[in-house]
Amino acid sequence: MTRSRSVRGWSPVATLAAFSLALLLIVSGASCGATSEKEAATTVLVFGASSLTDAFADIEAAFEQANPDLDVKLNLAGSSALREQVLEGAPADVFASADWRHVEALIEAGEVAEDAATAFARNRLQVAVPEGNPAGVGSLSDLADEDLLVGLCATGVPCGDLARQALATVGIEAAVDTNEPDVRSLLTKIGAGELDAGIVYATDVASAAESVDGIPIDPQVQPDIVYPAAVTSRAPNPTGAAAFVRFLVTEPAQTIMAGHGFEAP
Amino acid sequence: MGPVIHQEAAQAEGLRARIVARHESNDRDGHDRSSSFTLDIELEVGSGQTAALLGPNGSGKSTTVDVLAGIMPLDDGRIELNGRLLDEPSSNVYVATDQRNVGVVFQQSLLFEHLNVLDNLAFGPATNSSRRVARQKVKPWIEAFDLGRLLNRRPSELSGGEAQRVALARTLAAEPELLLLDEPLAAVDVTARTELRRTLRGCLAEFAGPRLLITHDPSDAFLLADRIHVLEGGSVVQTGTPQEIRLRPRTPFVAALAGLNLMTASNDSGVLTIDDAAISLRTSNTATQGPVLVTIAPNAVALHLESPHGSPRNAWPTVVASVEPLGDITRIGLDRPLPLSVDVTPDAVAAMDLRPGLEIWASVKATEIQLDAA
Amino acid sequence: MMDRPRHQSTRSGRGAPARRRLGAPARRRLGAPAPWSLVLLGGLGGLLFVLPLLGLVSRTPWLSLHELVTSSVVADALWLSLLTSVLATVLSVALGVPLAWLLARVDFVGRRVVRAVVTLPMVLPPVVGGAALLFALGRRGLVGGPLNETTGFLLPFSVWGVVLANTFVAMPFLVITVEGALAGLDRRFEHAAAALGASRLTVFSRVTVPMIAPSLRAGAVLAWARALGEFGATITFAGNLQGRTQTLPLAVFVALESDRDTAVAISLVLVALSFTVLVLLRDRWWAQ
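Protein chains in written order, with this note's numbering: chain V, 1 to 265; chain Z, 1 to 374; chain E, 1 to 288.
Please note that a few of the clues may not be correct.
Said to hold, decoys possible - Not the full set, but computed from the structure, chain V residues with beta-carbon under 10 angstroms of chain E: (1) A154; (2) G171; (3) E180; (4) A192.
Keep in mind the hints are simulated off the structure, nothing from the lab.
All values derive from a computational prediction rather than experimental measurement.
Note that beta-carbon positions come from the ideal geometry of N, C-alpha and C, so glycine has one too.
Pulled out of the complex, with its shape left as it was, chain V reads as follows (with noise of 0.2 angstroms):
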């Protein structure tokens, strides 16, 4: 009541005018401030793909120890998704996707240099079922059981497309109940139980060790997944760019990668 007594001489339309004014004045503000050439040659944004979440949470406390100049911002989705954002000019200055196919689309259309992307990482494909196994699944070609709720990572995705070639390797048509938008949402559903096996990589079985088992594939049928990394066309900040992907091949940074079950490149 008495608030609105205070600014009883104000018509509402103008004081909705001059709110929305400020806002905008925020809002524009906030904008050019991050965008400011200083920040810029302290923040390296790197784009990664969603299965590096945990691993780049760690290489980032190290890089940043290392480079005290330098502060890293991830921002962590699915690879395709991270592409369409850098092809719709998103201002990352690193690119680290799980397949080299999507360095190799931003090649093509100008985002990344065309031998700017440096292998750092290589992962394998596991069969994931939740914790103890409950339906007793024993290999890759269980899949194929129509009883069984089985999932996937969706088509363009990496690890959908990998666990396809593998299974088209061994020749087996999965039963899939679900094809999942990215392989963490693929890891929760087996982890909470209700989906009986997926196949994930090596690197999401050790970060959910708690909830969900990881069954092996052959060796044999396994597809090569190194991950790559490159320093975008367009980064806002190249130097700081060009030192975090050659941190990602140091020894400390590969410690790391194998803490979180990652291979050498």
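Assemble chains Z and E onto chain V, guided by the hints.
Okay, now just chains Z and E, sitting in the frame of chain V:
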């Protein structure tokens, strides 16, 4: 219908209620006239009888309607209709609205806009029979209320008077045991009111059960009711026939209400022949011909010790019937030929030595006589 | 808003010569000029909706559009979206109207809490809603577990899972709309019906519901629109499988991963569908 013959039957027939209920004034207009009080009244309405509950806004009329219709429970007391107990908190009896057989006609006709007139009429019968049978059942009411040409209309396409006629017919078609009329004329404009009042009088006469008219308008109460209960602040301050109330008002409120001299008459080119009175008066109103409702304010009548001469053309000899001091004024009741209430100052009473039995002259100006078509 | 220009154009035909002669009075008939602040803010507001639509259209692969739109992925998703959104709307009406009635008419203990819980899905991120549904009705869920053990029935990864997830996010819109209408309804109409001998259920079905019909329709349309666009709760609770649980929004999302042209094409189908339905219904049903 007719008078009740057996004494035992008279005990059970009709409405007998002692109503004790909290009255919460929820004023929609937002005026802070909020008054909360406990309504505490007794009502007895025999079959074939019309009682009026007459009171100002906020006197507890709407609460009375609510408890009788079962929209709101009693806090104490009991309601009994034709020997059936409808509500008695002390014995944990409470019959829901739809099981009561209490027909209510509301101030706003409350017709259902999504149904046409025919289906509105058939709504009551349709609650316990098929729609076809229900439509059949309302036929006599359609004729009785002359609704034939309105059947396919939507309620919004009806005039106020038509809507209220439909509402009346709808209520009666549900064959209630008690007819509750809640300000049935208040929302109707003056021109339609006359006709509707006539319709109402007719349907009250037709309805065999007890009828209770709730109103703030003394003319409705005086014209339609056999017995009037004057409600003020949650209590009945006076009960009596219209004549008793008029002649012996017990509180200033009743006096103000009842002071209005209301009578029916017929107007023949400015000559008013008052019904049931051996007198005719002259009026300046020649427009409203035929049966009329005559209103004479109590302060519009002058009293004289001798035959007056001069302007008032309406003057007649009469006798003082009663003298009632009411604070600043004194109400004089006149006897035959025209039983009027007249307000005079106590000084005038003393000067003229007005007392019952005194022979005097009364006069009223032709312009002070109000006429409404009846 | 939509009627205004139509009115003016029909008038200007007849009124044009008159305006030339009379000048000011004819102008005045069109009303005083709109205040600039309203025009500015309103225009900005409108732009917020128009721009993304233009963005979508600008990226549309018109040449291959027909081929993309008629692919089995799009056809399956379109059919499934229509089916599940309509079923969710039916379920929302069937359960939501009685719920709204309870909230508006019955004074029970914890009514405020229930009301808050019912509206929770409107503010909850749908993904959280989907996860919560999974914990409650999933194979190992609170209710879903015993249900699956006794009957073998499984909601997740089924069409019914999609319907349920859609209903979960859509029904609050209906409940809120209908409850508001019930609160605004003049209760004396219900009393009048009861006095005519109608039971509470008859009053509800023959008086209350018809009287709030405009709001009910508006609520149903809102619920349907929300169900059609639903993504997060569906993909979390029901998963994503073409022909079984992959609705249009899911198809768009998945296509974005691999094939942007398809994604844009599906989005366009979704926009066209909802636009058509909303415009048609708005004129016929709930503009008034």
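Check: Which of the stated hints cannot be reconciled with the structure, identified by number in ascending sequence?
Finding: 2
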